[in-house]
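**Student:** When you get a sec, could you build the whole thing from the sequences and use the hints?
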Amino acid sequence: MTAERIAELEAQHDELVFASFDHADAWRLGNIITAAAIAAGHGVAIDIRRPGFTLFRATLAGTTPDQETWIGAKARTVFRMECSSALVAERFSDAGIDAAGMGWLRFPAFALTGGSVPVRVAGTGVVAAVTAAGLSSDDDHALVVAGMRDLLEAG
Numbered sequence: 129m130t131a132e133r134i135a136e137l138e139a140q141h142d143e144l145v146f147a148s149f150d151h152a153d154a155w156r157l158g159n160i161i162t163a164a165a166i167a168a169g170h171g172v173a174i175d176i177r178r179p180g181f182t183l184f185r186a187t188l189a190g191t192t193p194d195q196e197t198w199i200g201a202k203a204r205t206v207f208r209m210e211c212s213s214a215l216v217a218e219r220f221s222d223a224g225i226d227a228a229g230m231g232w233l234r235f236p237a238f239a240l241t242g243g244s245v246p247v248r249v250a251g252t253g254v255v256a257a258v259t260a261a262g263l264s265s266d267d268d269h270a271l272v273v274a275g276m277r278d279l280l281e282a283g
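Read in order, the letters of the sequence shown correspond to residues 129 to 283 in our numbering.
Hints in this document: simulated from the structure, not taken from any laboratory.
Possibly wrong hints are sitting among the right ones.
[Claimed, not checked] Computed beta-carbon distance windows for the label pairs:
id	residue 1	residue 2	range
1	166	130	27 to 35 Å
2	196	267	30 to 38 Å
3	282	139	17 to 25 Å
4	190	134	30 to 38 Å
5	210	274	15 to 23 Å
Cβ atoms here follow ideal geometry from the backbone N, Cα and C, with glycine treated the same way.
**Tutor:** Below you can see the structure in the form of C-alpha cells.
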C-alpha cells in the first residue's frame, strides 16, 4: 500500500503546480476549501501561509487551539522538505525511518502526517503551504488537494 500511496502523492506533487500565486489566489483558494469544509460539516482549521506570513486563515466550529499547533508543524514540514507532509510521512514510513524518534522532524516543530501541501509555482518552486487540521491525516490532505485542483481548473 505504501508504494501505491507514495506514487499517488508524487503524482499530486507533479500535478499541483501553478503558473503564478498571489494574495488574491490565496484568498480564493482559502474560500474554496472553507466552503467545501462547511458543506461537508467538517470542524477544521484552514491556513495558507508563506514563511512567517499568514495569507489566509479560517477556523470552523469544532476546532480547538490544538489545531494551531498542528497547522504550524505541518506547514514547517512542507517548507523544510518542499513536498506535502503526507508524502514526507509516507516516504519515511516506507524506508523504515523514525525521523521524530531520531530527533529529526520532531513534533511540535514538525509533523509527519498529512494535511499540508506546498503551493509550487512553475519556474520558481514552493511559495506557500496550504494546510488543514482537524480531520484525519488523509482527510485533511484530501480537502487541501481538492481545493487546489478546483483553483487550478478555474484558472
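**Student:** With reference to the structure, classify each hint as holding or not holding.
**Tutor:** Hints versus structure:
1. 166 with 130: 27 to 35 Å: Because 33 Å falls inside the window, the suggested range holds.
2. 196 with 267: 30 to 38 Å: Violated, since residue 196 and residue 267 (Cβ atoms, about 19 Å apart) do not stay within the stated range.
3. 282 with 139: 17 to 25 Å: With Cβ atoms ~21 Å apart, the hint holds.
4. 190 with 134: 30 to 38 Å: holds (31 Å)
5. 210 with 274: 15 to 23 Å: Between residue 210 and residue 274, where Cβ atoms are some 21 Å apart, the hint holds.
In this structure, the one hint that does not hold is number 2.
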